[in-house]
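Given these sequences and hints, build the entire structure.
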Amino acid sequence: MNVEYLPSYLLLLSASPAIAFMIHFIFARLVQLFKLAIAPLAVALLAVLTGYVVVAMGAWVFIFRDLPVKESLTVDFIYGFLVYGGLSFAYFQFFGMTETARRIRILRDLFERGGVSRQEFQKRYGADAMFFVRLERLSAWKQIELKDGRYVLISRKLHFIALLIAFWADVLGFSKNPAQ
Amino acid sequence: MLLHILLWRLKRPNRHALSLLFIFIIIPGVFLASVGMLSENISWTEVCGIFLLHASLSFAYIQVYPASQADSPSFKILLHVGKSMPQGMTAGEIQALFPAAVLLDARIEDLVRATLVSEKDGKLSLTKQGELLIRPFIYLRQILGLPAGEG
Numbered sequence: 001m002n003v004e005y006l007p008s009y010l011l012l013l014s015a016s017p018a019i020a021f022m023i024h025f026i027f028a029r030l031v032q033l034f035k036l037a038i039a040p041l042a043v044a045l046l047a048v049l050t051g052y053v054v055v056a057m058g059a060w061v062f063i064f065r066d067l068p069v070k071e072s073l074t075v076d077f078i079y080g081f082l083v084y085g086g087l088s089f090a091y092f093q094f095f096g097m098t099e100t101a102r103r104i105r106i107l108r109d110l111f112e113r114g115g116v117s118r119q120e121f122q123k124r125y126g127a128d129a130m131f132f133v134r135l136e137r138l139s140a141w142k143q144i145e146l147k148d149g150r151y152v153l154i155s156r157k158l159h160f161i162a163l164l165i166a167f168w169a170d171v172l173g174f175s176k177n178p179a180q
Numbered sequence: 181m182l183l184h185i186l187l188w189r190l191k192r193p194n195r196h197a198l199s200l201l202f203i204f205i206i207i208p209g210v211f212l213a214s215v216g217m218l219s220e221n222i223s224w225t226e227v228c229g230i231f232l233l234h235a236s237l238s239f240a241y242i243q244v245y246p247a248s249q250a251d252s253p254s255f256k257i258l259l260h261v262g263k264s265m266p267q268g269m270t271a272g273e274i275q276a277l278f279p280a281a282v283l284l285d286a287r288i289e290d291l292v293r294a295t296l297v298s299e300k301d302g303k304l305s306l307t308k309q310g311e312l313l314i315r316p317f318i319y320l321r322q323i324l325g326l327p328a329g330e331g
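Heads up: the sequence lines are chains B and Y, in that order.
Residue 162 in the working numbering sits at position 162 of the first sequence; the count goes up by one each step and never skips.
Heads up: take any position in the second sequence, counting from 1, add 180, and you land on the working numbering.
In short, the hints are calculated from the structure, not lab data.
Treat the numbers as computed from the prediction; the structure is a model and nothing was measured.
Honestly, I wouldn't trust all of these hints.
[What the hints assert, rightly or not] Calculated Cβ distances over 12 Å to all of chain Y for the following chain B residues:
(1) Ala37
(2) Leu49
(3) Val54
(4) Met57
(5) Gly58
(6) Val61
(7) Leu73
(8) Phe160
[As the list claims (entries may be wrong)] Chain Y regions said to be covered by chain B (calculated; three or more residues, Cβ under 8 Å):
(9) 211-223
(10) 232-244
(11) 252-265
(12) 303-315
Backbone N, C-alpha and C define an ideal beta-carbon position, used for all residues, glycine too.
Here you go:
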């Protein structure tokens with residue numbers, strides 16, 4: 001990597017989560033404007049993927065295009081791909097937490113409604129509701145399907161991620177001591 | 181990563197997110213800053229470049245981490261349905277895997293342990309830290325014009 005253009009490249013990559021957010025903002029508003037039936041997580045994913053193109057174009061136009069020697073361009077783009085990949089994935093996960101995380105939902109409920117007892121919580125946000133939301137979501141994502149009264153796997157993608165996460169939970173010792 | 185695995189297996193900290201930030205961001209940041217100060221072969225710009233790459237991958241890991249810690253119900257459904265193939269599972273059979281305590285109470289306990297929620301006279305309420313943590317999530321959805329997520 002060339003140290004001369006590195007500061008501006010690092011600056012662009014550091015700003016990439018903000019770029020992903022702006023694209024997400026535009027996409028989310030367009031989906032609402034045209035009343036499109038696209039799940040919020042799908043919109044976020046599309047925005048993050050579009051961000052790859054926007055950041056790469058920005059890097060080319062503002063930094064690399066006018067360089068006299070472009071010998072380390074491949075390394076530079078792989079570096080940018082990894083940095084944007086990490087940061088945009090973190091943004092996507094952050095947004096995903098607002099959509100699906102139980103702890104975020106509990107904190108938000110407490111923020112909006114003040115002190116509530118566990119019983120009130122159970123009533124308002126019962127285990128049944130939480131369970132069926134997840135079944136519906138997995139069906140909408142085409143991961144499972146109801147066939148003759150039984151849920152079956154129709155895609156192995158998320159199932160594979162679930163296996164990886166379960167393996168990692170084992171490595172960290174959660175299966176032995178989940179209560180901590 | 182090795183320190184993270186060792187610490188989690190030997191004595192798991194109560195504040196997971198803070199501990200992960202310390203292990204993955206603060207310690208490597210201090211180490212790289214020391215390298216930048218002591219070494220003449222590496223410029224500060226290069227140190228920043230290394231740190232940015234490390235931090236971006238670490239943030240991605242820190243965001244994925246809760247799925248392994250919180251026993252995600254969606255993943256649990258997929259694992260059990262996957263195991264039951266080819267016959268699959270009825271909704272009742274899947275539901276039996278999720279007692280109310282697992283879905284809600286365990287998560288409330290997590291939040292109390294992390295001092296984001298406090299319980300007094302049978303009522304749960306947010307602590308200052310909890311309020312600080314939840315605001316960005318609420319504002320993000322407001323800016324995007326989205327209703328609150330279902331959790």
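Status of the hints after comparison with the structure:
Here alanine 37(B) stays apart from chain Y, with its beta-carbon at least about 14 Å from theirs, past the 12 Å limit. In this structure leucine 49(B) is separated from chain Y by more than 12 Å, as the shortest Cβ-Cβ distance comes to about 15 Å. With a minimum CB-CB distance of about 17 Å to chain Y, valine 54(B) clears the 12 Å threshold, and the non-interface call stands. Here methionine 57(B) stays apart from chain Y, with its beta-carbon at least about 19 Å from theirs, past the 12 Å limit.
No beta-carbon of chain Y comes within 12 Å of the beta-carbon of glycine 58(B); the shortest separation is about 16 Å. Annotated as non-interface, valine 61(B) keeps its C-beta farther than 12 Å from every C-beta of chain Y; the closest such distance is 21 Å. Once the 12 Å rule is applied to beta carbons, leucine 73(B) is consistent with being away from chain Y; the minimum gap is 16 Å. With a cut of 12 Å on Cβ distances, phenylalanine 160(B) falls inside the contact zone with chain Y, its closest approach being about 9 Å.
As drawn, the stretch 211-223 of chain Y meets chain B at 1 residues by the rule of a beta-carbon pair under 8 Å; below three, the given contact is violated. A count of 11 residues in the stretch 232-244 of chain Y with a Cβ less than 8 Å from any Cβ of chain B is obtained; the coverage claim is therefore met, three being the minimum. Coverage of the stretch 252-265 of chain Y by chain B holds [criterion: at least 3 residues with CB-CB distance below 8 Å; count 11]. Interface restraint, the stretch 303-315 of chain Y with chain B: holds (9 residues with C-beta to C-beta distance below 8 Å; minimum three).
The structure fails hints 8 and 9 (numbered hints given earlier, in ascending order).
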